[in-house]
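Novice: One line per chain: the protein sequences are A and B, in this order. For the first sequence, full-length UniProt numbering assigns the number 1 to the initial residue and increments by one for each residue that follows. For the second sequence, full-length UniProt numbering assigns the number 1 to the initial residue and increments by one for each residue that follows.
Mixed in with the good hints there might be a few duds.
As the list claims (entries may be wrong) - Subject to a maximum C-alpha distance of 30 Å in a straight line, what follows is the list of computed BS3-like cross-link-like pairs (lysine-lysine): (1) LYS288(B) - LYS197(B); (2) LYS336(B) - LYS72(A); (3) LYS187(B) - LYS72(A); (4) LYS279(B) - LYS197(B); (5) LYS542(B) - LYS288(B); (6) LYS72(A) - LYS197(B); (7) LYS64(B) - LYS197(B); (8) LYS187(B) - LYS326(B); (9) LYS187(B) - LYS64(B); (10) LYS197(B) - LYS336(B); (11) LYS279(B) - LYS72(A); (12) LYS187(B) - LYS197(B).
Derived by calculation from the structure, the hints in this document are not laboratory data. These figures come from a predicted structure and were not determined experimentally.
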Amino acid sequence: MTPQTDIPMPSYTLHCRMFREAAALERLCQVVRIRGFRIARMAVESAGDHIDIALTLEGARPITMLQSQLEKLHTVAEVIPAQASGVRVQSV
Amino acid sequence: MNGAQHILEAFHRHHISTVFGYPGGCIMPLYDALVDDVGVEHVLCRHEQGCALAADGYARASGKPGVCIATSGPGATNLITGVANAHRDSIPMLVITGQVPSGLIGTDAFQETDVLGMTLGIVKHSYLVDDADALPGIMEEAIELARSGRPGPVWIDIPKDLLLAEVTDAPFPTPEPRETGCPDLAKALSLLRSARKPLLYSGGGISLANAEDSFRTFAESSALPAVVTLKGIGNAGKCNPYNLGMLGMHGSRAANRAVDECDLLLVIGARLDDRATGKLDGFAPDAKMIHIDADAAEINKLRPADLAIRGDLNTILAALTAELTKKSLTISNWQKQCRTWHTTGGFQAADNEEPLAPITGPAFIRQLSRIAADDTVIACDVGQHQMWVAQHYEFDHPRHHLTSGGLGTMGFGLPAAIGAQFADRNSTVINVTGDGSFMMNAQELATIRRYNLPVKLIIMDNQCLGMVRQQQELFYNNRESQINLDDNPDFVAMARAFDMPALYIERTDQIRRGIETILAFNGPMLLHVAISREENVWPIVKPGAGNREMLDETRRTSPANKEHVA
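Isolated chain B, as found in the complex (with noise of 0.2 Å):
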């Protein structure tokens, strides 16, 4: 066998069944391997970008590593905003590239870019393979180690000449199994028994390390109050009463109020980013820390800990469920004030009744949340919708809700949706974005129509960039600066252009039948929906500041507001 179809030989090793590519001048061999394969499906995207996305959306979807395959230069830097989008929020992921020959390798040859030393930044870790032998260890430890531990992305350059080469078959060495011991907890325990106000704080680790199911045990059975971040949508399920959903820049009044009083926090697969916890200084500032994550680098990295704990979530979630189950917390007093706060305090958007009203971003995502089945999959795009998704829409598992939590890619929801639904074909993926953002990878809607995708489309047009326009009125002094996408194409029509049924609506008396439609409809379906473009998400936490100074629509002009303005 030659180097190329080594690679596909440990695709099917490790039950890789579907990748994400763009074929083109170094990687031809690799392409050539696999039209000889039948165990491998090849998603051709339309750009590199689309595929490295999909890749992404896949490995959320599915919780298996997603692959994207590129050739060499532009190719490969195509990749990048979709590879750096995964390394950000820890997706596995295995991206291959085909490099000049080797003999090429640093002469400017044609499509030649320095791949290795432009990506080391957004990679767990990468390869310029040298030596067509080692090609078969190399593909075993990057799967390995893309997946493990911390998943990321493991990025392979592989010279033409060493796709083409043949590969001496010997045994290739195999990684150690990773330490399943658990750490000793008393010292957790006796800060939980202690704490008169615990709160339970969760972000994306916990799928990541595919514990969702320990969590939501945990969480139950220890009755804690509990604040999510934007990744950790989900982990506490639908019917947790004391969930009090995201807390942070957009979050909830009643998690920062939570936050900001509680005498301890347990922070379960978070990294504490400044998007959660605004103003460090001011973040939780009465409360011991426990701090359990699979990577040490997280643990001290912001905030010091009380208690810091590095291991394996599934393992450490089942022995802190085994303790409190014998033994219960009492903090009833702190359960019933979270409750309250979260009757007063948490996203309460009020559904106009006027059937002519326009429609409001936060009204047709609660109708979107009670209309759709608790299975589906939402990949939301960058902006305001995506913000009116994690604050409105309650998800039931972690793996539906797909969104760009640190790179914050807008374009990443169109991909992500056709990785989401080649996870699982009978699944039902919406793509909820932005008009702003649907521009950035409209393109793929060539891969939905290729493959005839079931995905559906919910454009919330406001035709501006509504997240900057936000930001610009309320710290900027209204100085409105290129945020105007007044002329946008058609929607229904570029939708149609694809061969894809689409719907325009605009009043709410308009919203329950158009997502009905798109729900009911056998195939792709598009639903433009007409938003207004001065609606602003609330509440917002200007950048750099503490939580407690979150701004609600009611001091919109308020002088407190004017005080923030940069």
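Okay, chain A solo, but in the shape it has when bound (with noise of 0.2 Å):
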């Protein structure tokens, strides 16, 4: 077995807007873990017809891949990136 490397991920903060729906975080859960990142905190909201959902996500690929494939997403009103935090893995 391959040990595990304690290298750090990149960590951002994206705060999203999405109509309320049936499934809203289900989708949403579903297109992060796909595209490779991994949550490390979540905070929902409600406001009027509208969840407002800041996450806290680990990844190595680059967040703005993942935002726009959020933004593909038809009850996603918007996503907005917050200042990149946490370590970043350095390219040798």
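The two chains are supplied separately, each in an independent frame; assemble them into the complex guided by the hints.
Specialist: Structure, rendered in structure tokens:
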């Protein structure tokens, strides 16, 4: 078995506004997972016809790729990335 | 009107006249409404997967949304492969399933499955209807979503009680019209004019945008050397002298060489799929890239573009054509080079002149291409025959080539051919399949018989799973594992059991007569073609390798091939 290396993943925060619908959060989480990110923290708040979701994500792929995939979802109104945080993996 | 009647009303409003389905408990209110509706033809397939794939084939051939209908539970789960197939190839599709009554959802009721949850990853969007009054608006939105932008399947799951509920007549919102402006193309033109070796790379996005004519005009007027993806086959037409054919894993040496040496890649309606690019690190290493697509999420997804343009392909192609018509590109040396490569490294399968020789896949497909009319629709399955069709059949239009590109669904071809035949009852539709793929949806022979569809079936039978066998030979030290199908049924007898005439051929001198016979027959007919078990598709790039590392038959047993063994 390959030993685990303790390389911190890049961490990002996304603020996402979705229209309220039956599977809103599942739809969001499914895209996050399949596009290669892990949810480290998630806060959800209802706001009328919308729900606002703050996501802290970890993943090695560019966050812009995930952002554009989330923006494709029909019930996503907007996705706003916050400033990147965490330790970036340096390429060698 | 009740909910079910509103669904049919939406079909009428959007000129949806053909649907593919299979009834069952929770969708029965819709089938009851169909009894009184003469404007919608319901095609009863023999398995829900057949329904979904037939709807997919209908959509690919016609450009209109395909519609499939099933009941809850197993009806819905049987649709899933077909819907995933449509999703991966961006096919416009409307999926309607019955669900257990609202009050029973979440109680593990008979034939209850969480359809919404289990299909999230294979739809463009989905709905679980919770209010009958919302249904008309959902239908309107779903149909628009399925066919707009980058198309895809939209699934509506409707509890039985809401199909039966009276719907309050009220105006429902109609989707807003899409933007149609043309982006600034000055930088694209500048890159094109400064390139010495520009290459046009197009995919399935051309026909998805109904931009076939715009693309062909652009390709001809620009005279750019061109390569296509599997789904882009036919984009350039049969007569474009600069079309190098398919690139990628089973692409031509000419196409892959041109990609390798170009200095500008103009990607239009393609997503840089791994089967096309091979290992990305070595793909078009010296090229800048202009990426034009309807879907912003495809741009910069796998390789950063030097220039990204998102928008309507018809508008963009027309604008580019207008500019290049004013002043053409100066690339004659590059054009000449590409034509030379095409001559020496295109798909060349020498026809075997020996009349008693066994039939080879490429020779058979080339004969078929020569004999069949230009507007013949070929619905492939998945495997070696699929690649031989892609390599050796000359398509004049992308909608004449129905193939499962993204998902690679064995069993696609027969139901897709049924769908294509319903899209145009007068067209010639041929399902070219393998013995493995054919058996995956053979029950749909009953659908062909029921509707007396003149679909022609060609089974290229090598008595094994040929593509798997080939990769086991080349990349797994020839350790064959579970690929043997030498106990196939008698396909001729099987066809006759469905009241369908059939022929068996095995020699080269029987090819022409076999093809001409099935094409001349006024009804469905099957041609069983025996081919060698040992035949491979060449060239091939090992999965994960770069396209430069193509293997061909002459290197089959060479040390270079052995280096690629996993």
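Novice: All the hints need checking, so say for each whether the structure fits it.
Specialist: A quick look at each hint next to the structure:
Under the criterion of a C-alpha separation no larger than 30 Å, the hint pairing LYS288(B) with LYS197(B) is consistent with the structure, at around 11 Å. The hinted pair formed by LYS336(B) and LYS72(A) fails the criterion: a straight-line CA distance of about 42 Å is larger than 30 Å. The suggested pairing of LYS187(B) with LYS72(A) holds, with an alpha-carbon distance near 26 Å, which does not exceed 30 Å. Of the pairs offered as hints, the one joining LYS279(B) and LYS197(B) holds, with about 22 Å between alpha carbons and a cut-off of 30 Å not exceeded.
Straight-line distance between C-alpha atoms of LYS542(B) and LYS288(B) comes to about 26 Å, which keeps the hinted pair within the 30 Å bound. As the CA atoms of LYS72(A) and LYS197(B) are separated by approximately 34 Å, the hinted pair breaks the 30 Å bound. Restraint check for LYS64(B) and LYS197(B): the C-alpha separation of about 37 Å exceeds 30 Å, so the hint is violated. Between LYS187(B) and LYS326(B) the CA atoms are separated by roughly 16 Å; this keeps the pair inside 30 Å, and the hint holds.
A threshold of 30 Å between alpha carbons decides the hint, and for LYS187(B) with LYS64(B) the separation of about 35 Å lies outside it, so the pair is violated. Restraint check: the Cα-Cα separation between LYS197(B) and LYS336(B) comes to about 11 Å, which is no more than 30 Å; the hinted pair holds. Among the hinted pairs, LYS279(B) with LYS72(A) is consistent with the structure: their alpha-carbon atoms are about 27 Å apart, no more than 30 Å. As the CA atoms of LYS187(B) and LYS197(B) are separated by approximately 17 Å, the hinted pair is consistent with the 30 Å bound.
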